Amino acid sequence: MYTTNHKDVGLLYFFTSCYFGIVGAVLALLMRVQLSVPNNNFLNAFYYNQAVTMHGLIMIFWFLSPIAIGLANYFVPLQIGAKDLAFPRLNALSYWLYLAGGVLAVSSFFVPGGSASAGWTTYQPLAVLTAGSGPTLTYLGLVLLAVSITLGSVNFLTTIIWLRGPGVTLSKVPMFTWFFLFTIIAMLYAFPTIIAAFVLASTDRILGTVFFTTQAIQPSILWDNLFWFFGHPEVYIVLLPAFGIIANVIPQFTGRPLAARNAILVATALVVIPLSFGVWMHHMFLTGIPVALQGAFSIATIAISIPFDVITLAFVESLIRGRVKFATPMLFSLGGVVLFIIGGITGVFLSSPVLDRVFRGSYFVVSHFHYVMVGAAIFGIIAGIYYWLPRMTGHMYNEKLGQLHFVISFIGFNILYFPMNLLYDMPRRIFTYQNVGNWAMLNGIASIGAFIFAGAQILLAWNVLHTWFRGPQAPPNPWGSPDLEWTSHAEGMSPAANTSSPAPAGGWIGQLSSAPAAAAASAEATPYAAGEHAHLSSRPLQLSVGIMLFLAGAATWPGITALGLLVVGGLVVIYAFWEWAKDDMHGRFTMPDEAEGERWPFGGVPKLKLGMWVFLSSEVVLFGSFLGALIFIRAASPNWPPAGSIHDIPLGTVNTLVLVTSGLTMFLAIQAIRQGDQRRLLGWLGTTFALGSVFMGIKVSEWITLGTNHFVLTNPTYSLAASAYYIIVGLHGAHVTAGLIFMIYLMKKTSSGFYTKENHEAIENFGLYWAFVDIVWCFVFPLFYLL
Amino acid sequence: MYSGLLAAPPTVATYSYLLDWYLFFGVGAAVVVISMLAVFMIRYRDRGERTPMPKHKTEGWKIVLITVLISVTILSAAEYQTFAAFGNIEIPSSALCLQQTGSPCVQVCVQAFQWGWNYTYPVNGMTCAESYNHGLYSGAPGNLTVPAGRDIVLNLTSTDVFHSMGITMLDEKEDAIPGRVNQMWFEVPSVQVTASPDVLKVVCNPGLTACTYVDAIRCFELCGVGHATMLANLTVVTQASWNAWTGGQSA
Ligand code: HEM
Ligand SMILES: [Cu+2]
Ligand SMILES: [Cu+2]
Chain A
30 MYTTNHKDVG LLYFFTSCYF GIVGAVLALL MRVQLSVPNN NFLNAFYYNQ
80 AVTMHGLIMI FWFLSPIAIG LANYFVPLQI GAKDLAFPRL NALSYWLYLA
130 GGVLAVSSFF VPGGSASAGW TTYQPLAVLT AGSGPTLTYL GLVLLAVSIT
180 LGSVNFLTTI IWLRGPGVTL SKVPMFTWFF LFTIIAMLYA FPTIIAAFVL
230 ASTDRILGTV FFTTQAIQPS ILWDNLFWFF GHPEVYIVLL PAFGIIANVI
280 PQFTGRPLAA RNAILVATAL VVIPLSFGVW MHHMFLTGIP VALQGAFSIA
330 TIAISIPFDV ITLAFVESLI RGRVKFATPM LFSLGGVVLF IIGGITGVFL
380 SSPVLDRVFR GSYFVVSHFH YVMVGAAIFG IIAGIYYWLP RMTGHMYNEK
430 LGQLHFVISF IGFNILYFPM NLLYDMPRRI FTYQNVGNWA MLNGIASIGA
480 FIFAGAQILL AWNVLHTWFR GPQAPPNPWG SPDLEWTSHA EGMSPAANTS
530 SPAPAGGWIG QLSSAPAAAA ASAEATPYAA GEHAHLSSRP LQLSVGIMLF
580 LAGAATWPGI TALGLLVVGG LVVIYAFWEW AKDDMHGRFT MPDEAEGERW
630 PFGGVPKLKL GMWVFLSSEV VLFGSFLGAL IFIRAASPNW PPAGSIHDIP
680 LGTVNTLVLV TSGLTMFLAI QAIRQGDQRR LLGWLGTTFA LGSVFMGIKV
730 SEWITLGTNH FVLTNPTYSL AASAYYIIVG LHGAHVTAGL IFMIYLMKKT
780 SSGFYTKENH EAIENFGLYW AFVDIVWCFV FPLFYLL
Chain B
4 MYSGLLAAPP TVATYSYLLD WYLFFGVGAA VVVISMLAVF MIRYRDRGER
54 TPMPKHKTEG WKIVLITVLI SVTILSAAEY QTFAAFGNIE IPSSALCLQQ
104 TGSPCVQVCV QAFQWGWNYT YPVNGMTCAE SYNHGLYSGA PGNLTVPAGR
154 DIVLNLTSTD VFHSMGITML DEKEDAIPGR VNQMWFEVPS VQVTASPDVL
204 KVVCNPGLTA CTYVDAIRCF ELCGVGHATM LANLTVVTQA SWNAWTGGQS
254 A
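The listed protein sequences correspond, in order, to chains A and B. Here the first sequence is numbered in the working numbering, starting from 30 and rising by one per residue. Here the second sequence is numbered in the working numbering, starting from 4 and rising by one per residue.
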């Protein structure tokens with residue numbers, strides 16, 4: 030439970046996401062039953078809308094991405110010869126936040142009014158107008174998930190850049206790790222936007238802000254831009270890990286190297302990732318955007334399909350003059366490629382704004398994205414499961430059963446989704462229909478396919494569990510792979526002495542510790558046996574539970590239970606932080622030391638600092654999204670209060686100066702410790718703290734004045750301006766407050782003489798954070814006060 | 004229809020022509036690439052040879068270049084067809100309609116709501132906002148009624164949440180969004196169009212001066228529990244019946 034070991038966390042992710050996958054699948058089957066015949070009344074609209082919404086959210090956010098993260102947790106460190114992730118406790122925190130978010134989301138089924146029901150796309154204003162605390166629970170759960178993913182990306186990015194073992198140069202990094210690197214880069218800059226979007230939606234629901242209820246500013250358009258700016262990168266986030274697996278698997282079963290490996294990497298890095306942030310309006314062709322814009326986004330969309338053509342063709346070409354072995358991982362990889370081709374091509378149909386008048390909102394779109402998200406992504410993931418099962422369990426799976434699983438899955442999949450291409454005139458997300466044209470027949474076929482496809486997955490589950498508990502011993506490197514995750518394992522400790530990761534601590538699932546081939550296992554376990562308890566931390570779990578309770582309270586507000594949840598949750602959070610800090614003060618948690626490995630091109634940057642930079646770059650997108658929303662609202666709002674009429678400009682200016690000065694004093698603090706002067710460090714830290722507190726003090730006084738001057742949410746004249754002001758300035762204030770709290774910790778550590786000339790990373794990193802907070806204010810201030 | 008330089012709304016033919024292009028390229032590409040995969044898979048299957056593998060060049064930049072060139076060509080050809088149809092989806096403003104299409108457009112104001120559609124037919128060149136509070140023609144209630152053979156412009160908005168109006172028998176669709184007016188335009192060539200599979204049934208009056216297409220209009224964006232039943236009928240009338248019905252007040 031308290032583990033922070035990457036393999037354990039990987040398995041936790043794996044099994045938890047399988048669980049959510051089953052929940053999502055059950056919802057899907059319920060929908061297919063309802064739609065199997067016209068005029069059915071198995072599910073009514075109320076339940077159907079919940080099913081269709083939660084199916085999408087759970088599958089995308091709590092199944093597809095996390096299962097890939099699980100595999101990555103397990104195998105990225107192994108593939109690059111790292112002992113663990115860069116920040117093991119952060120990793121555990123990511124997992125627990127993911128689970129906490131999932132619990133919130135799933136629990137929403139059981140509150141009165143039911144779960145979210147406005148579609149996974151959560152179109153506004155429907156989503157904020159739907160009553161009940163269920164949707165709020167789901168949306169807050171999603172925020173937690175997004176936070177978890179952001180933290181995870183920081184962690185993985187630092188790991189892959191900084192923790193590669195000796196000899197693991199970038200050119201030797203296996204394809205799965207490469208593609209996971211691309212995935213997390215996309216995550217890092219896409220997820221902050223979804224945090225912003227769902228925070229705004231949630232405050233509308235809980236606090237009564239009016240971002241999405243003010244018709245005059247066209248909130249639907251605001252939402253569409255926020256959501257799809259995130260949403261399109263998200264579809265690649267789902268896809269790319271699977272492509273990594275496919276690229277990793279194919280050469281293993283052809284015996285020849287992957288064709289055009291570098292071209293694939295270049296195409297993904299330079300075209301797919303950057304451009305994925307520039308095509309979002311293809312989801313908005315019919316929202317009334319100008320025809321020129323439709324054309325531009327249409328071109329961008331087909332442009333982004335070109336690197337995929339390159340990748341697909343490279344996969345195909347990789348078979349030439351090889352010796353293709355049809356083992357299960359290979360079958361799923363090739364099957365995934367075939368389905369991706371079909372899904373990609375329907376995507377090109379959708380890229381035409383003119384044809385979109387036919388396809389938008391219809392089952393054609395449903396077919397398109399299931400071909401890519403289920404066909405390519407899930408097939409790829411399944412390939413990975415079979416491929417790595419021997420490494421995870423030490424046992425070999427049943428090959429015949431695996432092949433049967435593939436055949437039934439592939440056929441069932443096409444029976445399920447191909448008919449939907451022909452249902453291009455049927456609206457999606459309708460709970461029932463009358464028999465128009467051949468809708469009844471096509472839907473009937475699809476429903477049969479759904480059961481075939483779902484049934485096939487029972488074979489997978491059986492095969493995995495059977496392998497785990499009863500499978501025959503697997504050879505150490507069954508596929509003859511040159512990648513580190515197999516070779517370091519097979520050869521014990523020899524060339525890669527410091528590249529294998531420690532064995533799972535404690536073994537939460539009985540088999541783990543005994544699973545890997547005995548020799549290798551003991552070889553792995555020995556160096557850490559003594560310090561194993563140092564690898565455990567209960568704080569991530571406590572913190573996540575605390576946050577979860579708190580958010581549950583917020584979602585169900587008002588009420589006595591809600592109040593209880595808020596208080597208990599808040600206390601648990603404080604306790605967890607407090608103890609976490611104490612752990613650190615006393616050095617209770619230790620990480621395995623990292624050998625000097627390959628770090629190009631960031632060799633000169635310390636690990637934590639790299640992590641901080643990565644994190645802040647993601648924060649830029651977070652604030653950017655909020656400020657972008659603000660600018661949208663300002664531009665669309667017919668009567669925004671003029672500058673100076675609400676906010677006290679002189680006071681605001683003074684306060685800005687205070688904050689900027691504190692940035693300066695923080696800089697002096699860093700200078701002090703660089704020269705090893707602890708007393709001066711303490712002095713300047715204290716000054717910074719004092720200035721920061723003054724800033725917050727003035728903020729509070731401003732808010733009180735504003736409140737008494739009727740600049741409040743409930744005042745119709747100002748409701749929109751007040752919403753924006755309180756949320757965005759509040760978010761910044763929260764960052765300042767977090768900084769102040771952390772400063773107390775730093776000062777405490779300073780006074781105990783912890784920081785020295787050589788060892789003061791934490792101070793430097795905090796300096797970065799503080800500078801960032803200052804800079805953000807320099808954007809926030811003019812936007813609210815001066816313009 | 005495509006009379007010289009005059010603008011015209013897209014028709015079913017516009018879409019099927021375009022779709023044929025995409026199908027041609029799309030199905031073609033899928034068949035070629037998937038067959039390649041199948042052929043290589045079988046041709047190079049493992050036959051248990053014991054001879055060592057031939058050495059491979061890993062970096063096939065040439066094949067990459069060829070792929071890119073072919074993709075660019077095909078995709079631009081498809082995109083070109085899309086752009087060629089842009090002329091049809093650009094809608095003239097009501098003031099310029101006569102000038103650009105050769106005849107005045109029939110403006111209809113549509114308000115989507117949970118869960119249905121309201122139609123207002125502005126008289127004497129009024130805007131939609133002005134017309135909402137004025138009297139309507141007494142049409143068949145609930146039906147969108149339009150004259151055949153004319154350019155119809157729907158001005159779509161919503162009074163509550165995001166909806167999307169689709170008239171699939173005409174292959175037309177546009178979002179109806181609160182706080183905003185979007186336009187969609189089309190022409191129904193005659194009162195009785197060839198039977199379309201997308202409507203539940205067609206009911207025509209004996210003189211064939213009006214046909215009603217039952218459930219021709221659907222909502223294509225999830226808008227709450229009534230989404231599936233947010234259906235409406237389209238009634239197409241002759242120009243003469245239209246004139247009689249509107250009393251000549253409409254264009
Ligand atoms: C060749 C590549 C692709 C192109 C050109 C493409 C294009 C499009 C377009 C234009 C739409 C909007 C359709 C509409 O709402 O009317 C769309 C929807 C969608 N695509 Fe793709 N796509 C491609 C690949 C992918 C991939 C790889 C994934 C995921 C793994 C994906 C997932 C989705 C999803 C989830 C939606 C629907 C979102 C919704 O409305 O719920 N697409 N795609
Ligand atoms: Cu997209
Ligand atoms: Cu609807």
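For the record, the hints were derived by calculation from the structure and aren't laboratory data. It should be emphasised that the depicted structure is a prediction, and the values quoted were computed from it without experimental measurement. Glycine is no exception: its CB is placed at the ideal position from the N, C-alpha and C atoms. The reader is advised that the hints may include incorrect statements.
To be verified - Okay, the calculated bits of chain B under chain A, using three or more residues with CB under 8 Å as the criterion:
1. 85-92
2. 208-218
What the hints assert, rightly or not - Just a few of them, taken from the derived set where beta-carbon distance is under 7 Å, the chain B residues facing chain A:
3. G31
4. A33
5. V35
6. E190
For each hint, the structure was consulted:
no.	hint	verdict
1	85-92	holds (count 6)
2	208-218	violated (count 1)
3	G31	violated, 10 Å
4	A33	holds, 5 Å
5	V35	violated, 10 Å
6	E190	violated, 15 Å
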